[in-house]
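Colleague: Read top to bottom, the protein sequences are chains F, H, Z and C.
Just so you know, our numbering puts 237 at position 237 of the first sequence, and the rest follows in order with no gaps.
Just so you know, our numbering puts 41 at position 41 of the second sequence, and the rest follows in order with no gaps.
Just so you know, our numbering puts 125 at position 125 of the third sequence, and the rest follows in order with no gaps.
Just so you know, our numbering puts 118 at position 118 of the fourth sequence, and the rest follows in order with no gaps.
No wet-lab data here; the hints were simulated from the structure.
Where hints are given, some of them may not hold.
Said to hold, decoys possible - Dumping the calculated DMTMM-like pairs for lysine to aspartate or glutamate here, alpha-carbon to alpha-carbon at most 25 angstroms:
# : chain 1 : residue 1 : chain 2 : residue 2
1 : H       : 189       : F       : 221
2 : C       : 294       : H       : 310
3 : F       : 137       : C       : 317
4 : Z       : 306       : F       : 304
5 : Z       : 196       : H       : 323
6 : F       : 270       : F       : 304
7 : C       : 39        : H       : 247
8 : F       : 270       : F       : 323
9 : F       : 22        : F       : 108
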Amino acid sequence: MEKQVSQEVGLQLYELMVRIRKFEEAVVNLFARGKIPGFLHTYIGEEAVAAGVCANLTLEDKITSTHRGHGHMVAKGGRFDKAMAELYGKATGYNKGKGGSMHIAEPDLGMLGANAIVAAGLPIATGAALTAQYLGKDWVGVAFFGDGASNEGAFHESLNLASVWNLPVVYVCENNEFAESTPRWQHQKIKDVAIRAQAYDIPGVIVDGNDVEAVYFCAKEAVERARSGGGPTLLEAKTTRWRGHHEADNQSYRDKAEFQAALENDAIVKWESVLLSRGVPQEKLDEINNRVEQELKAAIEFAEQSPLPDPADARADIYTPFELEAI
Amino acid sequence: MEKQVSQEVGLQLYELMVRIRKFEEAVVNLFARGKIPGFLHTYIGEEAVAAGVCANLTLEDKITSTHRGHGHMVAKGGRFDKAMAELYGKATGYNKGKGGSMHIAEPDLGMLGANAIVAAGLPIATGAALTAQYLGKDWVGVAFFGDGASNEGAFHESLNLASVWNLPVVYVCENNEFAESTPRWQHQKIKDVAIRAQAYDIPGVIVDGNDVEAVYFCAKEAVERARSGGGPTLLEAKTTRWRGHHEADNQSYRDKAEFQAALENDAIVKWESVLLSRGVPQEKLDEINNRVEQELKAAIEFAEQSPLPDPADARADIYTPFELEAI
Amino acid sequence: MAVMTYREAVRQALREELQNDERVYLIGEDIAEFGGSLKVTLGLLDEFGPKRIRNTPISEMGLLGAAVGSAATGARPIAEVMYSDFFGMAMDQVFNQAAKMRYMFGGKLSIPLTIRAPMGGRRSAAAHHSQCLEAWFMHIPGLKIAMPANAYDAKGLLKTAVRDPNPVIVFENKMLYNVKGEVPEEPFFVPFGVAKLVREGSDVTVVAVSDMVDYSLKAAEALEADGISLEVIDPRTIAPLDIETIIQSVKKTGKLVVAHEANLTGGIGAEIAAQVGYRAFDYLQAPIERVAAKDSPIPFAPILEKEILPDDQDVIDAVHRVMDYAG
Amino acid sequence: MAVMTYREAVRQALREELQNDERVYLIGEDIAEFGGSLKVTLGLLDEFGPKRIRNTPISEMGLLGAAVGSAATGARPIAEVMYSDFFGMAMDQVFNQAAKMRYMFGGKLSIPLTIRAPMGGRRSAAAHHSQCLEAWFMHIPGLKIAMPANAYDAKGLLKTAVRDPNPVIVFENKMLYNVKGEVPEEPFFVPFGVAKLVREGSDVTVVAVSDMVDYSLKAAEALEADGISLEVIDPRTIAPLDIETIIQSVKKTGKLVVAHEANLTGGIGAEIAAQVGYRAFDYLQAPIERVAAKDSPIPFAPILEKEILPDDQDVIDAVHRVMDYAG
Ligand SMILES: Cc1ncc(C[n+]2csc(CCOP(=O)(O)OP(=O)(O)O)c2C)c(N)n1
Ligand SMILES: Cc1ncc(C[n+]2csc(CCOP(=O)(O)OP(=O)(O)O)c2C)c(N)n1
Ligand SMILES: [Mg+2]
Ligand SMILES: [Mg+2]
């Protein structure tokens, strides 16, 4: 029979997905109420990818994210309060309100940032892997990116460089078959992004992005390969973006039936029943949901109560102070 | 038995190769004598590729070239005199001395320019193919580029775009296994660039770039596919760069034995014997060589005698004149 | 005169130019059914079909390069760079290819390419979706650059750009898309290199571009109360730049304030100040003031962004400084 | 003091910094065995091995992006952009990522990245291998920019760049590589933001960068004959810019000529002129002269290139204009 995760890991995956889902649902609601400025791209529907991948990572491992970055931030261990405060543009946010949704980051958690330039995270994660190899650190680099991003030159140059140097990096393509409003067939002729691994002679793996356990094991293999000197992997997770590209998008361009089917294929609901079928008591799941909700309530309260940044600090943090004398 | 070209085409291919070889040999000599300023990248050793491909093209077809562009210019029908004058930086050159070796171009011949930015010609040839498809012209676009260029993002974006839109374009990779001094294994793990065609679901073809007849037939198929609406092809020709990356390069980094073997595999010598074996009289070949030499002598004379550009024209040709009133 | 938004004016220009010339087509990311990220092209797909309203993969280098090659071979593409911050993915095709091809080839071809690039901040879109990069392009010979500040110019300048046989970048201001203005019913063109005297005045000349024009007019009204009369000039195109009109005004007022949203250092205000300081040296009664964003990446939090970006108050303060200048 | 070429001085700086800090490595195209296209890194491979002298594929976006990610995670890469004209392939990683990451993340990380970029013309290398693009980068907050004009500064500024925890671009001048100068035996650093008074004088202040410093000194000698005394100042870094030293000099001389090789419009001369015009308004006795390349792509033919690019004669003419200024 198929590999199964331990109950402990199973619950960890469940909690990570629930944390992402509830955080995003709250954010959508707060955005609609005008609490959150700027653009908002949510991760709802793709939780199993960030959860399944990040459950294999330590705080030392480095990830780069995208414009759709909350899920990665949360999966990599991000706190609700500082994340929410950042989305609010408050001084107490992870990035003092300077980054916001599209640039949220916490290097101490190995989260090198959401990124508002499509595919820009790939070369950066490649560089994090280069540092690991060069300085003998045992972290791996992981770049999350979308199907649309796989058409950028930065994707090509990153995978080729990682392959030539056998870098410890995993490229995780979240293939939701849309680049904003553009369906896959309009932006690439191939059906699977994973086939592009052949252009670099590296492994290309496809996994069901709605099966968190499958994602977990595929990512585990790729991460272990990277960590043990086996080089890069292109891991493609088939997933679905539930909401619009961003909150201003009503998705008029989507096939309703197809979309409905996708919505019914909810990774969290599915994993819940798997856990129950494996003997996990409902109470445990309820307890997780309650805990997450409590933390979320507190986080929103924290964001609401937090002070705005001081305009006097607007130009702080551009340069790192440096004194030649100090050399 | 294998397909054979007609004697007429056979001689055309021979003449094109001879024209390129003799032109480049002359240029090398003139450069050494200080007659030609700037950088000089020669095409010697790769003649069969430009000849075999361009023999399938009309003047309407559009090609983009590289820093190593003389061979493409000559193969596309370029005159020795104007080409030589351009390399000399004379006012009578194809581009008034403003372009030189790395930017020589003649749109009237469908030669959209040598290009000193690696891989920059691929998107441009893709655009020429887009015009053909869009305006219903029956020309095809052909982009010549090297193995090193296949690692640029511009390569990836161009092939993907051409594949999605099924554009009439042929991407000709001149794989001489070196990017300047960098051997293939240092810049890509794959052995054949052609495999990258799979990343775009288009045909990828490998041909012996020292067999002009093979190049001719492979290119013919790709060009016909493009012209008949069959879409793009990635055609890889295995070839060898005989001289340094440019004339200042002594190639200390090359494996001598390997290199020697390559030199003995001279496409022109081989094709000469094939033609003779097929009953072409030696006189015909000699006559071609003499004709080319005469034209070359005259071209050098023309370049020598031609006037330098007038400094007063240095800033002409930046903008195309435009009068709103004229609308 | 009809009253319409800046967005609708741009759309009308696109519609008229698409109707006027078969060679004209639109190319960009999500510009078809989605109508573009900023909804400027909404509806054009239904009118003109997918052949002329072309959705591309996320490949800025590929799509702009294809547009360059297409323009070089007889078409007249209008490309959209979704946000001007994304030029970083494709600069080579803009400044090395489009801008230089004609010159390098000795005037042998033209690149009738129009690039539409929405610019600017004030939307909490943070550091990657808020920049004004016009200074980069003003520094590149071979390009023309328009910066419409109202609906009338948005339509008239864009139509001229499409007719112009040279590469033109039109920077549209995102904050102006919903601003209404009067636009003639009948087709019209706004010439390049002809500044608009937006407001006549006698005390201080204010040269402003894009949305700083409106802020300057607001400042002018406020200052009128204090009996200070501003002359507001909008160059409309910065390449070519109508310096004569500016010089004439400064000779009259003896005082100049230059205003743009881009950050101060290296902005176009420096070039305008340098030219005026040179040509109107003996007429200047006070140092030239530059109103611009403070040198910083654009922060996410509204309160910080407001601190960084210039507005009418900054113009007022600058005017007071030139008025009160005692030396 | 040892006497060595600018090239050898750069190499010494690289060697010392490689010896000083294990985290430092070199990354670029053909920099290993080949020693770089301009031979600056020749010999370093033998000394430090392929792990620290890293040859990359031709992938500017990939290699600079990897350097950014590597710098963000604890290494201190020194990247070479073979010719600064190639920045167009990788701008995003420089201006959106390297320059902004620290700020976007609220100061949570540093990017100790050094980018070496050979610049400039005068070698008949034509439009794609001759540009001076420093103005683009001066416009981007978050970057530091050095422009060494001699062997001493080439070594001292580069060593400081490597120690600086911020992204620094060092524009080396190709025409200076073979120029010899005195360089101390013992290690030393040249501070950023401290201009060098290259020549003391009383009549006219000349602010010159890169190879225009030598041309200005030549001009100064020639003008001495006519009894005109030039004060020549080399800012050495343009970000940060030591405007104070320039202002002090102009307050003394009352006249300013700014000289750079980049083309006039939008060059750094505009920014310097704007700042001096503002800060030394009452001291200026004549309009500020800018000596720069004429606005044009760089032509191939030497006679045309000479016409476009500025030299000592242009400085002399500009000095005469400020001296003879009658108003
Ligand atoms: C270089 C660049 N081009 C375009 C955009 C605009 N944009 C933001 S997200 C997006 C679609 C990305 O699609 P994909 O990579 O599949 O990620 P998804 O949104 O589906 O998660 C686009 C076109 C951008 N931010 N950066
Ligand atoms: C964008 C860019 N990067 C680097 C260079 C420098 N350069 C010129 S030719 C070359 C090697 C090209 O190798 P390949 O594509 O294989 O062509 P080949 O020279 O072998 O014909 C390099 C690195 C360049 N001109 N442009
Ligand atoms: Mg997607
Ligand atoms: Mg090669």
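Colleague: Hint by hint, say whether it matches the structure.
Modeller: Quick rundown of the hints versus the structure:
1. H:189 <-> F:221: holds, 22 angstroms
2. C:294 <-> H:310: holds, 16 angstroms
3. F:137 <-> C:317: Judged against 25 angstroms, a Cα distance of about 59 angstroms means the pair is violated.
4. Z:306 <-> F:304: Answer holds: residue 306 of chain Z to residue 304 of chain F is near 21 angstroms, not above 25 angstroms.
5. Z:196 <-> H:323: holds, 19 angstroms
6. F:270 <-> F:304: It is violated: about 34 angstroms lies between the C-alpha atoms, which goes past 25 angstroms.
7. C:39 <-> H:247: Holds, because 15 angstroms separates the two Cα atoms, which is no more than 25 angstroms.
8. F:270 <-> F:323: Distance of about 56 angstroms is beyond 25 angstroms: violated.
9. F:22 <-> F:108: holds, 24 angstroms
Hint violations for this structure: numbers 3, 6, 8, all remaining hints satisfied.
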